[in-house]
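Asker: Sequence:
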Amino acid sequence: MQGLLVKYGEIALRGKNRHIFENRLMDTIAQKVSVITENHKVKKEQGRLLIEARNQMDYDRLVPLVKNIIGVTYVCPCEIKTCHDIETLKQAATEYLRNNYTGNYTFKVLTKRSNKNYPLTSIEISAEVGGYIAQNITEATVDVINPQVNLHIELRNNVYIYSKIIKGVGGMPHVGGKALVLLSGGIDSPVAAFLTARRGVEIEAIYFHSPPYTSEHAKQKVIDLCERLKFYTGYVRLHVVNFTSLQLFLYNNAPKDNLTIFLKRYMLRIAAHTAKDIDAQAIVMGDSIGQVASQTIHSIAAIDAVGIGLPIIRPLATYDKQDIINIANEIETYPISVLPYEDCCTIFVAKHPTTKPRLSLLEKIESALQEELDKLLASTIEEIEIIEV
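With our numbering applied, the sequence shown corresponds to residues 1 to 389, in that order.
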C-alpha cells in the first residue's frame, strides 16, 4: 500500500497536551485532503501521522498540499508493508529500490525501530537489509558516508519504507488565540503574518487604504497577499480601512517629520478597536528594528505609547531585510509584494523623518487636535469594509 508519512516537530514536546495538537493537525490534514479526493484516510501512527490511499496515491497533488499545512515538519512518500520478519523486509526494501531508482547509485539503509518487539536492533536490520540489496541489485553500492540514496525503514505498527524527505513549513497547528495583523502591500507584514500563524495563532488582517492616493491595484495587491497566506492558514478575513480623511487631516495639521509616527499611532487605535470587535488578543506588526525611521527603538516606543491595552507583537523585530526576503520567497508572497503599487505609509513620507520622536510633543499636538481627530476616528471605524478571503 502507498502512503504519505507526516512528521511533526515541536508537537512531540507538548507533554500531556500533545494529543490536542495531534488531533488538530490530523483534522486539518483530513479536511484539506478531502478537497482533493475521498480516496484517502488520515490516522495516527506512533509519533507520526499517516495518510493512506485506498488505491493509487496522487503524490503530485497531495505532497504540495500537505507540506504547506502549518504543523507539518516533513512529508515522506512511502510504501506500507506488514512484513514482520527480516527476510520479507529485505525483499520489500529491494523491491522498493528497483521500482524507484535506475542506473548506478550508492545507498545507505537507515532503520528506526519503534516496535521493540522486532527481534533485531536498528543497526542489525540496516546491515542485513543493506547487504541483501547490494547482493541483489548490481547497480547499487553501499556508501555509509555520502550516499546518493538514503533508504529509510521505520518499524512501527506497520513497516514504512521511503527515501524522500520533503520539508514542510513546520510550526504549531492552531489551538487557540487570535491576532490582528497590520497588513500593508510590502514585503515585511505578510511574512510577520505567516510567522504568527506558524506559532498556532489564528490571524485576521487589517489594511489601511487611502483612495485616490492609493489605487484599487494597491488594495487588490493586499487581497492577493491574503489569498497567498490563505494557502497556509485556511482563510483570512481582511478589514479594509478608508484612511484618507484621517491621513489628510494629520498631513495638513501635524509636523511632517513626525507624520508617519502620528499615522501609525492612529492605525493602532483603529486596529485595537477592530481587534476587540473580533475577540483578538494581540496586534501584529511587520516592523524590523532600524529598517526605516519609524522603526527605530525610539519611534517604536513612541508609537506603542498610544496605549491600546493589547500586546503588540513584532515577529520580525530582529530580522535583517535579506532574512525577510528569503522567507517571503519561500512562502511566495515576495512576487506580489514587489508589485509597484504604494501603500498609504509611503505616499506622504517626509524627506527627513525624525528617528527620535519626543512623546511629550506628539501628545501635545494630538491633544490640540483631539476634537477633530476623535470625529474622524469614529467615522473611519464606522466605514471599515470586511472582505472574506
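None of these hints come from the bench; they were simulated from the model.
The reader is advised that the hints may include incorrect statements.
Stated by the list, open to error - Pairs of lysine-lysine, PhoX-like flavour, derived with a Cα cap of 25 Å:
| hint | residue 1 | residue 2 |
| --- | --- | --- |
| 1 | LYS67 | LYS43 |
| 2 | LYS256 | LYS364 |
| 3 | LYS32 | LYS7 |
Asker: Each hint needs a verdict: does it hold in this structure or not?
Answerer: Evaluation of the provided hints:
no.	hint	result
1	LYS67 with LYS43	holds (16 Å)
2	LYS256 with LYS364	holds (15 Å)
3	LYS32 with LYS7	holds (17 Å)
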